[in-house]
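Asker: Sequence:
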Amino acid sequence: MDPRLSLNQITTKAWSLPEAVAGCAAAGVGWIGLWRDKVAETGVDEAARVLKEHGVRVSSLCRGGFFTGVTPEGSPVDGVAQTREAIDEAAALGADVLVLVVGGIAGNDLAASRQRVADAVGELAPYAGERGVRLGLEPLHPMQCADRSVLSTVDQALSVAREHPAEQVGVIVDEFHVWWDPRIEESIAAAAGRIAGFHVCDVLVPLPDPLLGRALPGDGPIDHRHLRACVEAAGYTGPIEVEVFNAGLWARPGAEVLAETVAAFERHVA
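Under UniProt numbering, the first residue of the sequence shown is numbered 1, with each subsequent residue one higher.
In short, the hints are calculated from the structure, not lab data.
Only a predicted model underlies this, so the values are computations on that prediction, with no experimental measurement involved.
Just to be clear, a hint being listed does not mean it is correct.
[As the list claims (entries may be wrong)] With a Cα cut of at most 30 Å, we get these calculated DSBU-like pairs of lysine-lysine:
| id | residue 1 | residue 2 |
| --- | --- | --- |
| 1 | Lys13 | Lys38 |
| 2 | Lys13 | Lys52 |
| 3 | Lys38 | Lys52 |
[What the hints assert, rightly or not] So the derived label-pair ranges between C-beta atoms look like this:
| id | residue 1 | residue 2 | range |
| --- | --- | --- | --- |
| 4 | Pro206 | Glu73 | 18 to 28 Å |
| 5 | Met143 | Gln115 | 41 to 51 Å |
| 6 | Pro253 | Val205 | 32 to 42 Å |
| 7 | Arg131 | Leu207 | 34 to 44 Å |
Ideal placement from N, C-alpha and C gives every residue a C-beta, glycine not left out.
Construct the complete structure from the given sequences, taking the supplied hints into account.
Answerer: Pasting the structure below:
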């Protein structure tokens with residue numbers, strides 16, 4: 001098994017954090033990407049204990065951000081305050097990376113919304129650096145610009161990240177969101193030294209939903225090995241998360257989904 005494989009917890013959403021960590025350990029998967037809602041259910045201290053007990057490391061914690069105040073649920077949030085809390089959680093869990101989904105457009109002003117993101121990252125980057133946590137800006141597909149992220153490409157995320165030390169702020173390359181970009185190879189190359197995470201999955205065809213239209217690697221059109229080669233050429237050697245939002249997978253037993261995840265990774269990504 002490729003030792004860089006990480007199970008992003010959303011792929012086995014029905015599992016609690018202890019179940020997911022134990023499942024990874026039993027399957028020989030040494031990494032897991034955690035979500036804050038699952039951490040909250042278990043408690044940060046207990047989550048840290050479970051991880052240590054099973055010898056599973058945290059590839060990332062998802063998520064901070066929403067600096068524009070705009071969320072998919074429509075409820076305004078204080079993204080800076082919540083992200084400070086998330087940074088502290090990441091540090092307590094031994095997660096080197098906190099994934100940031102920066103928030104949708106506020107007040108019909110895209111430029112001002114992006115500036116709010118840049119300002120928030122500028123405020124939080126030193127705080128994260130002091131705690132040994134790297135902020136990972138994750139660009140999302142343009143279809144999610146209105147409600148989730150005003151950063152839609154690796155280039156846009158990189159323009160914000162470059163204002164800060166590389167050990168404090170990087171970018172997340174998530175295949176689902178960026179595989180279509182005609183500049184993706186050049187953008188990944190330009191992000192050398194800034195890639196904080198690489199997330200893999202496939203796209204369902206036809207696309208049933210802009211959020212849940214994902215599949216395990218090999219069930220869609222993405223050339224995973226090509227994109228992996230690009231991020232590795234840019235110097236990324238960290239864990240590779242399989243992150244799949246798919247209601248069909250969520251309804252199935254976690255152990256079955258994890259076994260299929262491992263097989264798909266070995267067949268199409270490793």
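Asker: Kindly indicate which numbered hints from before are broken by the structure, ordering the numbers from low to high.
Answerer: 5 and 6
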